[in-house]
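Protein chains: 4
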Amino acid sequence: MKYKDHSVTDLQIAYIGGGSRGWAWNLMTDLAMESQLSGTVSLYDIDHQAAENNAIIGNRVSAMENAVGKWSYKAAGSLKEALTGADFVIISILPGTFDEMASDVHLPERLGVYQSVGDTAGPGGMIRALRTIPMFVTIAQAIRDFAPTAWVINYTNPMSLCVKTLYCVFPQIKAFGCCHEVFGTQKFLRDVFEAECGFSGLDWHDIHVNVMGINHFTWFSSASCQGRDLFPIYEKFIGSHYESGYEKPDENWMNSSFACAHRVKMDLFKRFGYIAAAGDRHLAEFMPSDEYLNDPETVRRWKFGLTTVDWRKKDLQKRLARSVRLTKGEETLPLEPSGEEGVLLIKALLGLGRQVSNVNIPNTAGQIPNLPASAVVETNALFDKDHIYPVAAGALPASIRALILPHVENHERILKAALLCDREMVVEAFLHDPLIRGQHIKETDVRALVTDMIHNTMAYLPKGWQ
Amino acid sequence: MKYKDHSVTDLQIAYIGGGSRGWAWNLMTDLAMESQLSGTVSLYDIDHQAAENNAIIGNRVSAMENAVGKWSYKAAGSLKEALTGADFVIISILPGTFDEMASDVHLPERLGVYQSVGDTAGPGGMIRALRTIPMFVTIAQAIRDFAPTAWVINYTNPMSLCVKTLYCVFPQIKAFGCCHEVFGTQKFLRDVFEAECGFSGLDWHDIHVNVMGINHFTWFSSASCQGRDLFPIYEKFIGSHYESGYEKPDENWMNSSFACAHRVKMDLFKRFGYIAAAGDRHLAEFMPSDEYLNDPETVRRWKFGLTTVDWRKKDLQKRLARSVRLTKGEETLPLEPSGEEGVLLIKALLGLGRQVSNVNIPNTAGQIPNLPASAVVETNALFDKDHIYPVAAGALPASIRALILPHVENHERILKAALLCDREMVVEAFLHDPLIRGQHIKETDVRALVTDMIHNTMAYLPKGWQ
Amino acid sequence: MKYKDHSVTDLQIAYIGGGSRGWAWNLMTDLAMESQLSGTVSLYDIDHQAAENNAIIGNRVSAMENAVGKWSYKAAGSLKEALTGADFVIISILPGTFDEMASDVHLPERLGVYQSVGDTAGPGGMIRALRTIPMFVTIAQAIRDFAPTAWVINYTNPMSLCVKTLYCVFPQIKAFGCCHEVFGTQKFLRDVFEAECGFSGLDWHDIHVNVMGINHFTWFSSASCQGRDLFPIYEKFIGSHYESGYEKPDENWMNSSFACAHRVKMDLFKRFGYIAAAGDRHLAEFMPSDEYLNDPETVRRWKFGLTTVDWRKKDLQKRLARSVRLTKGEETLPLEPSGEEGVLLIKALLGLGRQVSNVNIPNTAGQIPNLPASAVVETNALFDKDHIYPVAAGALPASIRALILPHVENHERILKAALLCDREMVVEAFLHDPLIRGQHIKETDVRALVTDMIHNTMAYLPKGWQ
Amino acid sequence: MKYKDHSVTDLQIAYIGGGSRGWAWNLMTDLAMESQLSGTVSLYDIDHQAAENNAIIGNRVSAMENAVGKWSYKAAGSLKEALTGADFVIISILPGTFDEMASDVHLPERLGVYQSVGDTAGPGGMIRALRTIPMFVTIAQAIRDFAPTAWVINYTNPMSLCVKTLYCVFPQIKAFGCCHEVFGTQKFLRDVFEAECGFSGLDWHDIHVNVMGINHFTWFSSASCQGRDLFPIYEKFIGSHYESGYEKPDENWMNSSFACAHRVKMDLFKRFGYIAAAGDRHLAEFMPSDEYLNDPETVRRWKFGLTTVDWRKKDLQKRLARSVRLTKGEETLPLEPSGEEGVLLIKALLGLGRQVSNVNIPNTAGQIPNLPASAVVETNALFDKDHIYPVAAGALPASIRALILPHVENHERILKAALLCDREMVVEAFLHDPLIRGQHIKETDVRALVTDMIHNTMAYLPKGWQ
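Chains as they are written, first to last, in our numbering: chain B, 54 to 519; chain R, 54 to 519; chain D, 54 to 519; chain U, 54 to 519.
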């Protein structure tokens, strides 16, 4: 890369999972709208054709007249090819297919364990991690061998375990995980603030928060806007919206796998005093099974959707069809901001504007002093030229720490289980998961569930599991 | 205080040392130029007349037509009166007179120990601390009793020990210490960058640095501007300026007690690899006596000035005279930015704009993990609504840590010595000070020096010392 | 001192509080019964005549035919004289008189706060600390100046704060605190074991325990005898003795200020799962007021005695009279082991037999990892030649830690209050004391109590308090 | 197991590697000589016949008239069979054959890297670890599944990595590693003490030491005997024995693969001030290659032997032959103490006598506060009924820590490399090993060496390596 006045040219980005029909397109438009950067994006995907198609799409975007950031896209034939010379690496892969995901999400229902997403915590998240971790082992080794000084941005779930694996395999890696769930909560708080205080037109970036926790189970210990402390304001809002929930006019949780009415979030605030900062569907999965996910009826009462893998399969069909149209030039990606902050953070790491943003990295600096140093935590950090300086988030309250710790400990277990191909360690992790622990489920049933879930994802597991 | 749109009104600031003819005037003009704040400043000083005069001056400033921030100034008759109701407390006192300072700075010369400032480290800094700490005990108790939730900004030296005393007496205090030495180094680096890279007109705030160390002995582990890493640029600059030093056209160290040619700073970079970030006069005092302060001739060679207390006495006369003119209205304070960041930080703590700035606070969050938690350290922090979140600065390199640690340990000793009125602990601190340690000075001579220096400042010490 | 074969001769012991009519006599007989040691004991006391008398008594003991350890006793005129040349220093002083103690113990009763001992925790212990700490400041400074490498054994209460003061003033001090309360619990457990398991004649040293906590509020996390785990045995014993309590045939709590029926201890085991290891009178004082010390009736139900200062005064008269007889030679001290371990530990530190024993020292080695490093804790340690190696006791369970922490935090407050002569910090400590906190006592009443209690002990406080 | 008076009967010991012709026989005689214990030893070995033979030998020993401890030996057909019901597990396996060991020890000589043992540190130790760790993974999983509450004693090398693997796989394991190298140094110090101070007939247990470091690179920070500080005595001894070295009349390093003249040990004391406490052959391997192992000539000058694998092969033949004779009853194992402490520690863990002994366990209690918590360290510990309480050894001096840390970091790397089958991480570990680092060896040569050494041990590696 080269610095020239206030710009950087010849930047090289490697995109692992570059055949993606979602995140990759977001990146293309965000880059096209950023005038200070230009360079090459090397797309690598185990589905090489998908990467080839995206290269075509990317180059089309870059060629658009109103694209101020000019980029050249190409498909790479190997990790080595993609990574060699890279300044930045983006990882956004889908480990397995929706068939594996269907097993992750739905098989545990036979023991009465419902999951709203099934990709982070709970039985589904853990099994998904078992097939993801070996892929990340390979990716981390490749980064070490071919791009050891590149910055690595991960978008893949389960976030904490993906980042943990990268650092386990290559401790000197400069990797971090980005997730937009926190932004979603900031947007919700902006709505709350505007509704309660008579402001309007505010940018969600003006909601200043102190972030602490782990990905998808993140909390705000403080939040303010325009100097106003949002805690009493949020409390007041909850007073009048707790029962009904809150939805924007154009959103309705019943029509969406992703929307929610924020009732879980409000309930957690009432119970624990901090603002839970992720979608309700994610938050619910970290809590004991009998609270928000007891059965579909309970879920309806809390007004959030259970992921249906069917919907995801249909959505994939749509995206595949769109990909064809985009590749053929029958459709054009609109140049609109994706809402992701990845390009902003790349700029900050290039020294083009310091940023404070939430980030998933190991707790090495003790940014949350009462979680283990080896935990991957989500807190604010200061992004500066070639550096990420974590912000000292402070200690978690004992009650919230007690909710988070079992998951942190399970991350440790699942990483080991994946490396050792150790079924019994998975059983141990399941037994410690709040969705299972304390639900009067027999250990033999849990062991059978583990066996069956592993069986269903065997195509994506190393041989040691057989 | 009251929030109204994007402003805060009715803010109450207590200024301890409010008779000051320097910092107080800076505050007045900075407040007058800030449109988002207004309120009352309560000036307290043991020289009540000086506070009265400053109240007059402050009200004159506020009445100026171009003053966009409107403040009411009044002199308070007691700490209690000043503090009651305060939202912010500013401490900027002069402990003792220049006569005491003359002893601090010059008496050690009889043992060959030269000091360039004598207010922070070294024998002078430690004796100054002995008379300052009891005052800060009183101030901390008063804040605890009358303004326990106020934010407290300290400008008084010795900074580390003042802040340490505040937290020792009242651990819940919301206090921090501000110092502009780091800004000075940022300005120097801006000059370096402009000179080497052909930029011009840059704001020193664009020099992004990671700050670590203790006040007046602070270091940058990274520095960049416009995305460029300043380390190689600085190294190149030193290559051509090491021998001659660097001075701006309008500055010359020979004509000033405060200026320097940055030769010490450059030498420290060559030796330790990090950028020392304070004036050379301060830096030199933290190092062994035989390096930069061996004798006046050595000092001249390194091109920095030794403080002369005579100059300070004369300067005080000028400022007193100016005070008279200002009080009478014969002169007007010009509305120019002071270069201090205090008002910016007040705004950030009020939620009117998040800031990253360097700050002196206890190392409780482990912002520098290889210094004790009880040390008062200087690092960056994120200032947000009613919160200071330290930035994890990272560990000091072993070599720099070894330079800093004796001072941190002496802070501990001097605080205890001050509380216990324990002469022998002062002797121990002197013996561990790099200006004395290893200089073949006899312990009996050191003990006699301690006795004499304490004698010279006895008027400002508690009875326990007699 | 000199080593000769398996013995040490010419040992020098300084005894501060050497006029004592109790601990000093214990030491005399223990030394007389120890054949491997001989030397000189230098007795220092502010009551010089008492030291003179004890020198006579000590020399009489040493002259006894069956005294195998030969020692020379002399009264020292000053701390300096006593300490110069000392290999070991023993501190066993009584801070103030029983008049001060009467106020410590009984004045808080006006707010319904009853204390069973009043010398460690609670209002009485804290006020006692205020007059003790300045004495220990003086002693620590004298040790630093005249015997910096001597080992220092403290027997004075309040133990934790005495040891904390020594280390605060002279951090290099080689000091530790000894207390026999743990031995008492070991003896009780021996009785329990013999009763339940049919053993007899066991030595209490065979009760192996892991010790954790703070002095007088110490806990065993494990206990065994002859390989048997005492926890289930103790549980069974409690099953049949909880209501009635347990007393040895020759003891009855009703007849003694010191005995107890171990009901508090058994109750704490039932509630917290670890063995509380001090006399019930001590244990009760660390718990909330409404549990064991609610009123005299409650105390009777729990079957332990409230200290009566009257009894102490009468007892002192007896001991004074005995002192006269011993000095005159009308009575002879019997050569019986005192039950203290001090001489054993002195031998271990001289390298004459490694010992594991409980000890009060700062938590610097993290022997209890979830208490602050600055806390003075009681755990086992390995005593070896010129070294004390703390044994890693392990983390306290959260429930017990929550009981101990307020006291540890109050030690910090009271030490500071004593050094700063800061009444308000004493009030803060009182308000955090479990005997007061949560008892619906008005803050103004607490403040008045502090004022009155300080007034009553003013004769022993530094001038700064006036 | 059952407690009966002062004895334990029906104790079950599982011996993994139970076909051993060395350690197993030691255990048999030690058990036969211990009257307080009896029970069953279950011998498991991948060479089942060897286990069968040892069962016969063990039962013969137990049947001897003067055997006071009566034990029944049997060969187990599986880990599960051996472990089920076990109270104690002993692990003493030989990973691979002497052919693999020949490659470990001698292949690096092609790069000028000589190794005196090659089983702990250095290239040989690390490759040995690669084949050992998967075996320990299996063993740890079996212990977790079949004997989770048993105490586990490891004698296998490389010690630190074996113990680290056990805790990695099964964090709740109650495992520790025993090694007699420290005892050897205590015996040497006894000889020194007797020679210098005129004592005789002393037991090496009377040499009291504080142990710190890692296995085979262990140090004493203090050492005493009969109250005498051994440091000045050792220093004096070195003054007169440094050049010649020291050997007992019946030992000569030239005739032995195991003996040494202690010159390395003495040199390390002179350089670092602490007593290095392992055989010189081990110590040398932890230091830079150009110090003690530069070439065979250098080794001769330092007077210690390089292991010859030839000798080991011949020795094995002798032991195999002896095994045949013992099995047939043609020879009888003499009932002599083995010099190992394992049975003493078993007794201590059963509550039959508290012991202080050196032990290899994770640094979880911070027993060495300036090494990572995850390091396996060797320090003293207090062995008590069902508990090992580490003794706080204190911080390593910076100079010695700097020697140890690269090995601790390599343990981390090698464990990961073994679990991930990651050749490049092995290369990284080699490059950080002091025998290689700084010796001007090309990275490509190191990479080729790794490849070849792994190839040579491939028969004992998991499939992932192929």
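Check each hint, because a few of them may be wrong.
Copies of the same chain look alike in the list, so a pair counts if it works inside one copy or between any two.
[Claimed, not checked] With a straight-line Cα cutoff of 20 Å, these simulated SDA-like cross-link-like pairs (lysine to any residue) come out: (1) Lys301 / His233; (2) Lys127 / Leu397; (3) Lys55 / Gly406; (4) Lys123 / Leu386; (5) Lys516 / Met117; (6) Lys127 / Trp78; (7) Lys289 / Arg466; (8) Lys516 / Pro187; (9) Lys123 / Tyr295; (10) Lys57 / Pro187; (11) Lys55 / Cys250; (12) Lys495 / Glu477; (13) Lys123 / Thr504; (14) Lys516 / Gln194.
Rather than coming from a laboratory, the hints here were simulated on the basis of the structure.
Results for each hint:
For the homomeric pair Lys301 and His233, the shortest alpha-carbon distance inside one copy (18 Å) is at most 20 Å, but the shortest distance between copies (48 Å) is not. For a Cα distance limit of 20 Å, the shortest separation of Lys127 from Leu397 qualifies neither inside one copy, at 23 Å, nor across copies, at 47 Å. Proximity of Lys55 to Gly406 under the C-alpha cut-off of 20 Å is restricted to the intra-copy arrangement: shortest distance 17 Å within a copy versus 33 Å between copies. Only within a single protomer do Lys123 and Leu386 lie at most 20 Å apart by alpha-carbon distance; the minimum there is 15 Å, versus 52 Å between protomers.
Neither within a single protomer nor between protomers do Lys516 and Met117 lie at most 20 Å apart by alpha-carbon distance, with minima of 47 Å and 51 Å respectively. Within a single copy, Lys127 and Trp78 get their C-alpha atoms as close as 14 Å, which meets the 20 Å cut-off; across copies the closest is 62 Å, which misses it. Proximity of Lys289 to Arg466 under the C-alpha cut-off of 20 Å is found in neither arrangement, the shortest distances being 41 Å within a copy and 38 Å between copies. In the homo-oligomer, the alpha carbons of Lys516 and Pro187 lie at most 20 Å apart both inside one protomer (11 Å) and across protomers (15 Å), since each shortest distance falls under that limit.
Taking CA atoms no more than 20 Å apart as the test, Lys123 paired with Tyr295 passes in neither setting, with 48 Å inside one copy and 43 Å between copies. Proximity of Lys57 to Pro187 under the C-alpha cut-off of 20 Å is found in neither arrangement, the shortest distances being 40 Å within a copy and 53 Å between copies. With identical chains, the CA atoms of Lys55 and Cys250 are at most 20 Å apart between copies only, with a shortest distance of 14 Å across copies and 47 Å within one. Taking the shortest alpha-carbon separations for Lys495 and Glu477, only the intra-copy value of 15 Å comes in at or below 20 Å, while the best inter-copy value is 43 Å.
Taking identical chains as interchangeable, the C-alpha atoms of Lys123 and Thr504 are never at most 20 Å apart, the minima being 50 Å within one chain and 44 Å between chains. For a Cα distance limit of 20 Å, the shortest separation of Lys516 from Gln194 qualifies both inside one copy, at 19 Å, and across copies, at 18 Å.
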